[in-house]
Amino acid sequence: MKRLVAARMDRCIGCHSCSLACARLVHKLLSWEHAGIRISSSGGLTTGFQAEVCLACDPPPCAAACPTGSLKARPGGGVVRNKNLCIQCGQCVPACPVGAIAQDRAGDIYVCIHCGQCVPFCPHDCLELAEVES
Amino acid sequence: MNPVVILEVHLDTGTARLRRLPEARAALGGSGLAATLFSQYARPTEAWDHPDQPIIFAIGPLTGYFPLMSKTVCAFVSPRHGGYAESHAGGRSALALRFAGLDALVLVGRAPRPSVVHVGAHHVSVQDAGYLWGMDALSCAKLIRRQLSGSGHRSIWRIGVAGERKSPMACINVDTFRHFGRLGCGAALGAKNIKAVAVTGEDHQPLPTGKKYAALYADIFRDLTDTEMMHKYHNLGTPENLEPLDALQALPWRNLQATSNPEAIGTMSGQHFADTALLRNAACAGCPVGCVHIGFVREKFLPQDNRYLYRQVSYDYEPIFALGTMLDVRVPTEVLALLDDVEKAGLDAMSAGVALAWATEAMERGIITEAHTGLHLAFGATHAYREAIARMAEARQEFWAHLAQGADAAAQVYGGADFACVLGQEMAGYATGETFFVSQALGLRHSHLDTGAYSYDQANPPKDTAAAVRFLVEDEAERVLLTSMVACLFARKVYTRERLAECLAAIGQEDLAGELAATARTLQARRWQQRLAFGFDPMAVSIPRRFTEVVTWRGPMDTHYLAELQQAYARAIQALAAETPA
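These protein sequences, in sequence, are chains A and B.
In terms of the numbering used here, the first sequence has 25 at position 25, counting the first letter as 1, and numbering is strictly consecutive.
In terms of the numbering used here, the second sequence has 1397 at position 397, counting the first letter as 1, and numbering is strictly consecutive.
Because the hints were derived from the structure by calculation, they are not lab data.
Fair warning: there could be bad hints in the mix.
Said to hold, decoys possible - Restraint-style ranges between C-beta atoms, simulated for each label pair:
1. A/R105 with B/A1467: 41 to 47 Å
2. A/R105 with B/A1459: 51 to 57 Å
3. B/P1003 with A/G99: 46 to 52 Å
4. A/T68 with B/Y1308: 51 to 57 Å
5. A/G76 with B/Y1308: 41 to 47 Å
6. B/P1244 with A/D10: 29 to 35 Å
7. A/G99 with B/E1046: 48 to 54 Å
8. A/K28 with B/V1005: 19 to 25 Å
9. A/K28 with B/S1542: 52 to 58 Å
10. A/G99 with B/S1125: 42 to 48 Å
11. A/R105 with B/S1542: 53 to 59 Å
12. B/A1459 with A/G99: 49 to 55 Å
13. A/A64 with B/T1333: 51 to 57 Å
Stated by the list, open to error - Straight-line distance between alpha carbons at most 35 Å, and here's what the computed DSBU-like set of lysine-lysine pairs gives:
14. A/K28 with A/K83
15. A/K72 with B/K1212
16. A/K2 with A/K28
17. B/K1232 with B/K1211
18. B/K1211 with A/K28
19. A/K83 with B/K1212
20. B/K1211 with A/K83
21. B/K1212 with A/K28
22. A/K2 with B/K1212
23. A/K83 with A/K72
24. B/K1211 with A/K72
25. A/K72 with A/K28
26. B/K1463 with A/K2
27. B/K1493 with A/K28
28. A/K28 with B/K1232
Stated by the list, open to error - Here are some chain A residues pointing at chain B (derived, C-beta under 7 Å):
29. E33
30. S40
31. A56
Cβ coordinates follow ideal geometry from the N, Cα and C atoms, glycine included.
Work out the full structure: start from the sequences and follow the hints.
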């Protein structure tokens, strides 16, 4: 089972290419916010960057908080999402201990599905798709 | 056509109006859109700091949709020349506007008190911020960050004391490491009582269906990251140019009294900066190249104890020329310390360094004395320059108030106009020859980025006036196209006209894709019409004597050719402005 790991964020230059790739390829949107991985500075650009991304909890508290089964535990950690079951209640958002789930004004949620489509768009090799035991 | 979406913020009332202009889409965006909007808002009969004069921030149709489409054009009435001016910046500015759902933000009026403008997809406010007035450009952003949400997805544009004092050298700092640098846009914001503009980009935009767009994006991304085309910017950055330009005798030293310094260039090369002062790199949002080079300044602040502070300062070729070679400061960390002071003061690094170089030579010649300056200025005297930067930004004492208006303005008072290195504004760092001097002196932005004249000179062409003018006019048109999209000019080899047409088609803007050559020419003419509408006479421009005394690898300047080229380019500009009705 693969898992996205933001392993080398101290190399990050803040280009947001990963977020843009996720939004473009997974969610079919132009966005740096509505994506499964989001980049923020920790208080100004002099402090470097951090990735808001699923850490693949096992078991995942967001799935436990989901009342409809839209988010379900994924083998190897994290969640798989059935969008059709989502009622946009947003309970998964505060349930995530690391702020990895975003919700837009329409109620749609964005969480990393560990597909790795962002990885080749990182110019500094900050991200990797690691093999984990499922 | 998709309408252009403009938010017009009235600073005097704190109200805003959203405008959707389908017809403005023909102006693409960026430079073209800014010039078009400027023609609607600006008042040629009023002073640069009249409240009605607009400040326009415009992005383009490709912003965010493709890599390196990452810049914003700021258009304003320049305090330096009282006419249409543009300054361009990256950082997060462009994507923040895109995700705020805006093609352009237009500020009009004057806030009754010092204020901060905050704009987002679902928010607009003009908030009192008197407590920020007088604060340096870096500290003020720290406070604003604490007050606003959206870390990582917002862009903060702010001025320092120089902008508050309305210096024509005042810049707008963008996200700490980038700037709307030149022609005094910081003063334009200060004149409106605006300390900062914060844009939060929290919305998303739809994308075309099908695989074509994503495939084209991937192709361009590969060109920008896998090929050698962008290696220079990725590796040493623009400071890579220092050593070769010095070897060519084209790098200004000591107020352009020399064009080469083989003994000193070793410590001022891009490689030496990287080896001794480079801390890390950063990027504009939407750019995987990451050309921003951030150096560090480490200072012992308690002489008797081991107590240090450190700061991070971005550096490029131009600031190193202006605050390094032009002032004969030869130690990277000292150049960065000066640059840090300039950042905090909110001065344009190029103008500040070149103005100080003039003041230093003026003092050497006895035109000014310590009675004027309160400081002993000497080439290489970093400590005095640090104090001078603060005095100039604050317009402290009569002399510094005059110098804060520009080296040429100070020379009008004290003498020394012959060696004031001003070509429309303080020179950029290219003593490459006649074509560059004419290009900056007459160019629309008085910038090294108006045309590739510095490259043209370096190619050592025959002295052919008609060919040089043709190059200047045609190269400007290509650049206008790029700055209307708005692309980073570092990507100009990737974004050919054909590529731009492909990109527009891929996002469903086929109607714009088919006529790019004609559009470029129209927008080029429109910008010149705006420049001339405020009284700019290209025939009346004078090039100071210092430029005619320059000796490069090609020998001394040919003053006859320089004059001929200047006249011919001035006529070409007049012809361009006359091409279509203003």
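For each hint, the structure was consulted:
1. A/R105 with B/A1467: 41 to 47 Å: 56 Å, violated
2. A/R105 with B/A1459: 51 to 57 Å: Taking Cβ atoms as reference, A/R105 and B/A1459 lie about 53 Å apart, which means the hint holds.
3. B/P1003 with A/G99: 46 to 52 Å: Given a distance of about 36 Å, which is not inside 46 to 52 Å, the answer is violated.
4. A/T68 with B/Y1308: 51 to 57 Å: 56 Å, holds
5. A/G76 with B/Y1308: 41 to 47 Å: 46 Å, holds
6. B/P1244 with A/D10: 29 to 35 Å: 32 Å, holds
7. A/G99 with B/E1046: 48 to 54 Å: 49 Å, holds
8. A/K28 with B/V1005: 19 to 25 Å: 21 Å, holds
9. A/K28 with B/S1542: 52 to 58 Å: Given about 57 Å between the Cβ atoms, the range holds.
10. A/G99 with B/S1125: 42 to 48 Å: Between A/G99 and B/S1125, where Cβ atoms are some 26 Å apart, the hint is violated.
11. A/R105 with B/S1542: 53 to 59 Å: 57 Å, holds
12. B/A1459 with A/G99: 49 to 55 Å: 53 Å, holds
13. A/A64 with B/T1333: 51 to 57 Å: For B/T1333 against A/A64, whose Cβ atoms are near 53 Å apart, the range 51 to 57 Å holds.
14. A/K28 with A/K83: Holds, at about 14 Å.
15. A/K72 with B/K1212: 33 Å, holds
16. A/K2 with A/K28: 22 Å, holds
17. B/K1232 with B/K1211: 32 Å, holds
18. B/K1211 with A/K28: 10 Å, holds
19. A/K83 with B/K1212: With Cα atoms ~25 Å apart, A/K83 and B/K1212 stay inside 35 Å; holds.
20. B/K1211 with A/K83: 22 Å, holds
21. B/K1212 with A/K28: Roughly 12 Å between the alpha carbons, so the hint for B/K1212 and A/K28 holds.
22. A/K2 with B/K1212: With Cα atoms ~28 Å apart, A/K2 and B/K1212 stay inside 35 Å; holds.
23. A/K83 with A/K72: Holds: A/K83 and A/K72 sit about 11 Å apart, inside 35 Å.
24. B/K1211 with A/K72: 29 Å, holds
25. A/K72 with A/K28: 23 Å, holds
26. B/K1463 with A/K2: 63 Å, violated
27. B/K1493 with A/K28: Holds - the C-alpha atoms of A/K28 and B/K1493 are around 28 Å apart, at most 35 Å.
28. A/K28 with B/K1232: The given pair, whose Cα atoms are some 33 Å apart, holds under the 35 Å limit.
29. E33: OK, holds: A/E33 within 7 Å of chain B, min 5 Å.
30. S40: With Cβ-Cβ at 3 Å, under 7 Å, it holds.
31. A56: 22 Å, violated
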